[in-house]
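**Student:** Here are the chains, one letter per residue:
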Amino acid sequence: SAVISQKPSRDICQRGTSLTIQCQVDSQVTMMFWYRQQPGQSLTLIATANQGSEATYESGFVIDKFPISRPNLTFSTLTVSNMSPEDSSIYLCSVDSTDTQYFGPGTRLTVL
Amino acid sequence: AQSVSQHNHHVILSEAASLELGCNYSYGGTVNLFWYVQYPGQHLQLLLKYFSGDPLVKGIKGFEAEFIKSKFSFNLRKPSVQWSDTAEYFCAVNARMDSSYKLIFGSGTRLLVRP
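Residue numbers (the numbering used here), protein chains in the order written: chain A, 1 to 112; chain B, 1001 to 1115.
A hint or two may mislead.
[What the hints assert, rightly or not] Computed Cβ-Cβ distance ranges for the label pairs, DEER-style:
| id | chain 1 | residue 1 | chain 2 | residue 2 | range |
| --- | --- | --- | --- | --- | --- |
| 1 | A | T98 | B | D1054 | 14 to 20 angstroms |
| 2 | A | C13 | B | S1107 | 26 to 32 angstroms |
| 3 | A | V62 | B | A1001 | 15 to 21 angstroms |
| 4 | B | A1017 | A | Q24 | 38 to 44 angstroms |
| 5 | A | T79 | B | S1052 | 37 to 43 angstroms |
In short, the hints are calculated from the structure, not lab data.
We treat Cβ as the ideally placed atom computed from N, Cα and C, and that holds for glycine.
For reference, chain A alone in the conformation it holds in the complex (with noise of 0.2 angstroms):
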């Protein structure tokens, strides 16, 4: 399985900001994929984001709001842009291996 790191592991931003939190993988991946788990529940995908195309977003999540960068196979960013309290959440990366996803240790965000 992938090693899978993310940075920053946790913010507090002001409503109206955004936050870059990047992804890094130690083994090239085409897919990667961004989900959100917001206080007490699951993980929703906000996109999927291979290396070469763009990102396909999920119903719901559009690119103004959270644009994505995927510049190589080892790295991607995910943006959360004009913040506002219902944004706080935690912010997954994962990719795929042989079918499977492996998942980051996630970012958690809280906006104020």
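With the hints as your guide, set chain B onto chain A.
**Tutor:** Positioned in the frame of chain A, the structure of chain B alone reads:
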């Protein structure tokens, strides 16, 4: 639309008790099935998975799960739980569509094991 149901939201057991967590999914095509575990303060980890073959799969830490296709179920079991099994457990289904796939999670089950 595809969905995953975990009927037990909170489970409290004493050590050495047997565990069974229910998971049902709705998807008519080929699926891969997973159980993930999230220990307190830790990240999501893969517990076990089923792709094909023997419907009874064994995972880490003594966990096993049985895929029953006719019931669209993938229940997680452990004969004797330990205090260290206290965690949140998520069932997930990988519904493959065209060249991509989507991992759909259940709502999770919080397990508390009392010493």
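**Student:** State for each hint whether it applies.
**Tutor:** Going down the list of hints, with the structure as the test:
no.: 1; hint: A:T98 <-> B:D1054: 14 to 20 angstroms; verdict: 18 angstroms, holds
no.: 2; hint: A:C13 <-> B:S1107: 26 to 32 angstroms; verdict: 27 angstroms, holds
no.: 3; hint: A:V62 <-> B:A1001: 15 to 21 angstroms; verdict: 19 angstroms, holds
no.: 4; hint: B:A1017 <-> A:Q24: 38 to 44 angstroms; verdict: 41 angstroms, holds
no.: 5; hint: A:T79 <-> B:S1052: 37 to 43 angstroms; verdict: 39 angstroms, holds
Violation of the numbered hints given earlier is absent; every hint is satisfied by the structure.
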